[in-house]
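Chemist: Single-letter residue listing:
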Amino acid sequence: MNYLTKNRRTQGANEDMSETNVILGVIGSDCHAVGNKIIDTVLTGEGFRVTNLGVMVSQDEFIDAAIEVGAGAILVSSIYGHGEIDCAGFRGRCIERGLEDIVLYVGGNLVIGKREFSEVESMFKDMGYDRVFPPTVDIKSVAQSLRQDIVARQ
Amino acid sequence: MNYLTKNRRTQGANEDMSETNVILGVIGSDCHAVGNKIIDTVLTGEGFRVTNLGVMVSQDEFIDAAIEVGAGAILVSSIYGHGEIDCAGFRGRCIERGLEDIVLYVGGNLVIGKREFSEVESMFKDMGYDRVFPPTVDIKSVAQSLRQDIVARQ
Amino acid sequence: MQLRNKKLDMDTFLSERTEVVASWVTGKDVDFEEGVRYQHSLPESKRFSSVLAAADREGRTLRQPRAGVALVDEHIKLLQFLEDACDLLPSTIDAYTRLNHYEKAAEGIARSTAAGTSLLNGFPAVNHGLKECRRVVESLTKPVQVRHGTPDARLLAEITLAAGFTAYEGGGISYNIPYAKKVPLERSLRHWQYCDRLVGFYEERGVRINREPFGPLSGTLVPPFVSHCVAIIEGLLALEQGCKCITLGYGQAGNLVQDIAAIRSLRELANEYFQAAGFTDYQLSTVFHQWMGGFPENEAMAFSVICSGAAAAALAGATKVIVKTPHEASGVPTKEANKQGLEATTQTLNMVREQIFPMSPTLDQEIELIKREVRCVLAKVFELGEGDVAIGTVRAVAAGVLDVPFAPATCNAGKLLPVRDNVGAVRIFDAGRVPLPDDVLTFHRDRVAERAKAEKREASSQMVVDDIYAISKSRLIGRPR
Amino acid sequence: MQLRNKKLDMDTFLSERTEVVASWVTGKDVDFEEGVRYQHSLPESKRFSSVLAAADREGRTLRQPRAGVALVDEHIKLLQFLEDACDLLPSTIDAYTRLNHYEKAAEGIARSTAAGTSLLNGFPAVNHGLKECRRVVESLTKPVQVRHGTPDARLLAEITLAAGFTAYEGGGISYNIPYAKKVPLERSLRHWQYCDRLVGFYEERGVRINREPFGPLSGTLVPPFVSHCVAIIEGLLALEQGCKCITLGYGQAGNLVQDIAAIRSLRELANEYFQAAGFTDYQLSTVFHQWMGGFPENEAMAFSVICSGAAAAALAGATKVIVKTPHEASGVPTKEANKQGLEATTQTLNMVREQIFPMSPTLDQEIELIKREVRCVLAKVFELGEGDVAIGTVRAVAAGVLDVPFAPATCNAGKLLPVRDNVGAVRIFDAGRVPLPDDVLTFHRDRVAERAKAEKREASSQMVVDDIYAISKSRLIGRPR
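Here the protein sequences come in this chain order: A, B, C and D.
Heads up: the first sequence begins at 120 in the numbering used here, then just goes up one per residue.
Heads up: the second sequence begins at 120 in the numbering used here, then just goes up one per residue.
Heads up: the third sequence begins at 74 in the numbering used here, then just goes up one per residue.
Heads up: the fourth sequence begins at 74 in the numbering used here, then just goes up one per residue.
Wrong hints could be hidden among the right ones.
[Unchecked claim] One-sided and incomplete, this derived list gives chain C residues near chain B with beta-carbon spacing under 7 Å: (1) Y169; (2) L172; (3) N173; (4) Y175; (5) S191; (6) Y252; (7) K254; (8) V256; (9) P257; (10) N371; (11) H400; (12) L436; (13) P481.
Bear in mind the hints are in silico, worked out from the structure with no lab data behind them.
Quick caveat, the model's predicted, so the values are computed rather than measured.
The C-beta atom is built at its ideal place from N, Cα and C for all residues, glycine as well.
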């Protein structure tokens, strides 16, 4: 399933970042695959080395992959509304398993129902996520924050 | 322009009311003609003797007609939003000209903008209208109230 | 004044002009030459005709709201709020100004100032005068049209055109019969010759002003041929006075095939008649009005009516669409509701604009039907006018040859009675005195009979009343329940 | 267990059943005979198949929302709130139940109770069990369907069918490839044979349960022939197990002609294949899903997308339409937003249902194209299965002959790449290993090339990505700006 990555690295590649590993996946029992493929394509195009775990990824699968490739960040997607359950305790689990400083992003339709994004953002920041994104976020701007946050943590 | 009245008195005619004169018209500089024609048809069908002044009727034209035919009620429509200006002082004018007891109804889109109907209703009741109707009112139910109110005033 | 379809000569125009500008105090500020200079100073992006021409080239449908409030600053804020969501701006004029009741408009302004909210249903441009109108034009980046409903719109035209408005809606028939009660048709036609001539003078000085006869008329089950006849006549009258940029309009009937056929036939017929009258140097475009009849109160349902009109406009290939709002059933909308109507329309246009409604025998038949009806009626208009379309119009309306359903004007016969057929197209139930050929009348009768049979009732005026309220009650066709 | 398309025999079914009902504690309450009696006690008005049959006779399009929350009382309130605005009710099952994670669903119920609001994206029917599910059915007056996305939906079927739900969505392909990551296709097909056989047992006892394969698949630019192939295969598999009432689905693509051609060809093709397989005694209907891809955040714009789907459903003559809400971009909607989607849909259906989209060469061509594509692919499926459509399906998916774009399942090739053409129809950019004839591939290539030329860029994966997000960004076609 590589057609969307055909054009990878053709534009906007940032050589400084080419060695920066990030883990990407859709958490929990969520099967929304389309956005995941697109995020992969864009971040790869922006010069990240993306390990894409696809859909239905558990917290431990994210952490296993991050340890394996020495990732600077984990990007968690949740589209189906169970984010409040699936994403809880992730920061604690990262710390338990030795990833104290890893950058942790989360984005998507994180809760059931239409709520003010600012409210959702606070809730997930309180859970220990560094940044929280709505489903409409421009992925290139995510890439920019990601670069800065990873550098700042190192 | 009598096609809409072809079927008059064929149904629902109430003989008790057949001698009850009412005045109908669209007040002010309002040219909305369609609803006016329909109200005429329905009230006539319900047994009222309707003097329909059509669109763009002044307060004095309503009163002149009411005096001329000895009407029991004046039904004022306003669709274009200027009701607040056009309808003010009508009750006072009726009293001045000797129509102390005439039933005064008003209906339509009476104000500019979408406002709570209850608020609009109070405003127009304060102006001295006996009943106030939204544009969606069922004309047959208006006819029913009209009957009761005219009898009560006599 | 004797009405004829002939370009007004300069002397007649100028002597009339003296009266017009003296008819209200703000008239004295208008200087035609200075108005021409001001119009020339406007950028191309604020010129209606240029934006229309570009859209026509690209096959795009432009979005235009209706909007107008009593006070200038509030009016500017309203239009600025809508500007990003549309392509063309309006200034909808209040109902008092439309009847030249400038004193009442003044009272409305005063009461609105006192109330802190608009108590008028539009922008009283004449009362505000030249400078304040220019402030409106200068506060915006898109072209602005005057939209109203004024039988005698001469002073309004003088003020707004000198103030930099670049389009002017209306016409001697379309702003009389649906908007007035007792204005003689000769008089409104003559007054609109003045407006058209004024636009012609601007044109001669290199300033193109768009002219748009009001298409939907009474907005209530108007058969396409009726509004097409009026549109073409008003186009011919405007061209005669030197207007060069004409937008002809049509109000959504609700049956998609009929609506597409209407816009396509309108453009073709207009070119046919304009060219037959010897006009070749003109710019023609079309406007599709979203449903002009009663709306559902429920806003979700109102969005559906709005979107159906937007889709029909795009599939028909209209140059612009006039947009309704989810508050339509409640009268004048809030600015937020106004913008929502534009947003829903934008999404629909963007999802439909590249699509092509296929040609088919059914669509062809509908186009040909409208063309035959229009040609029949217009032939009679020309015959009655002994070749003069202005005179013919007055006589045709008096004779019920031109007949607008559900209009308030007493000069209008009101004998023509439309009704929907079994697929929702607007057909003729009673032709009154409109001279249509027997086979056309038979076609309409058969279609109406088909519906009557399906509904197991006779076609009657009750069926017509049911149709009038159907859309506001969430149906296209007013079937018994 | 070896997969074959053959009716499961009673022994196999019953021994499997013992395991199924033991897989979660609520399973033990299910008694098939008692379930049959309960189903027989339901009035006709609560039976999905009867309501569908009446609509099909009358040519009406029925409205069905999606809706499901964690707790029973709240779920009942939600459905009661929507009941007046629709014809058919759903119970959308939560994502944990879909993966048989009943412990997680239990946690979700507990946390929802504590939070006082649903933290699950659907109704966990298995956890609530038979009696609570019956309470749902008994609180409503309209038929209720189970809508989910469950590869192994055997226990869910046992509980909900015994509880009086009268329709069951899903299938071995359509509830695996778009919904699961690593479930082998053989396994999900086999599990759905169980569900279909259970429905068949009810049918044999005089209880008709509607079965609906999930039409839209990944909901992302799925060419009609792809979902049609899956729908027809799942229809054949269901018929084999004794199901008699089949609703085949299709998700709106956005081009009106293509959408109409899709629904019309779907019905014709299904009858063709069902009858060729020897089935004659079945009840067929169609379902049109309003746009399943990304929605605009702006609610006015979302209404436009909803209405475009409603109009296409009615013009296509679908038996029912699955309705979106203005909150779609934000995930699970409030009940008010859910109702608004239904209201906008109602208005559109009522304004379009009597209208006829004319037959035309363009529409004919589109119908014939879809039919040729489906026949090519299904011929290969039967060939690979040596006449057995279940075996053929497993092999065809493994070979990339059946290929669903943008699906999460690893068993799916994901080589087929769709893209819109210049009028917005979904065409094939890269056919992957799908065996289409050269002239069909040339047709697609030419259409895509036409668009590429108009956009002055090469067709590429970027164009595909642009198309995926186009509607949420207020365009049908993802053109460069």
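Chemist: If a hint holds in the structure, say so; if it does not, say that too.
Modeler: Hint check results:
Annotation: interface hint on C/Y169 holds; nearest CB of chain B at approximately 6 Å, less than 7 Å. Using the Cβ-Cβ criterion of 7 Å, the hint placing C/L172 at the interface with chain B is satisfied: the shortest such distance is roughly 5 Å. The restraint placing C/N173 at the interface with chain B is violated, with a minimum CB-CB distance near 10 Å, outside the 7 Å limit. The restraint placing C/Y175 at the interface with chain B is violated, with a minimum CB-CB distance near 12 Å, outside the 7 Å limit.
For C/S191, the interface hint holds, the least distance from its beta-carbon to any beta-carbon of chain B being 6 Å, beneath 7 Å. Of the supplied interface hints, the one on C/Y252 holds, with its beta-carbon coming within about 5 Å of a beta-carbon of chain B, less than 7 Å. Taking 7 Å as the C-beta contact cut-off toward chain B, the hint placing C/K254 at the interface holds, the least distance being around 5 Å. Annotation: C/V256 was flagged as interfacial toward chain B, and the flag is violated, the nearest CB pair being 10 Å apart, outside 7 Å.
Because the smallest distance between the Cβ of C/P257 and any Cβ of chain B comes to about 15 Å, over 7 Å, the interface hint for this residue is violated. Taking 7 Å as the C-beta cut-off, the interface hint given for C/N371 is violated, the closest approach to chain B being about 10 Å. Residue-level restraint check for C/H400 holds (minimum Cβ-Cβ distance to chain B is 5 Å; threshold 7 Å). With its C-beta approaching chain B no nearer than about 30 Å, C/L436 sits outside the 7 Å limit, and its interface hint is violated.
With its C-beta approaching chain B no nearer than about 4 Å, C/P481 sits inside the 7 Å limit, and its interface hint holds.
The structure fails hints 3, 4, 8, 9, 10 and 12 (numbered hints given earlier, in ascending order).
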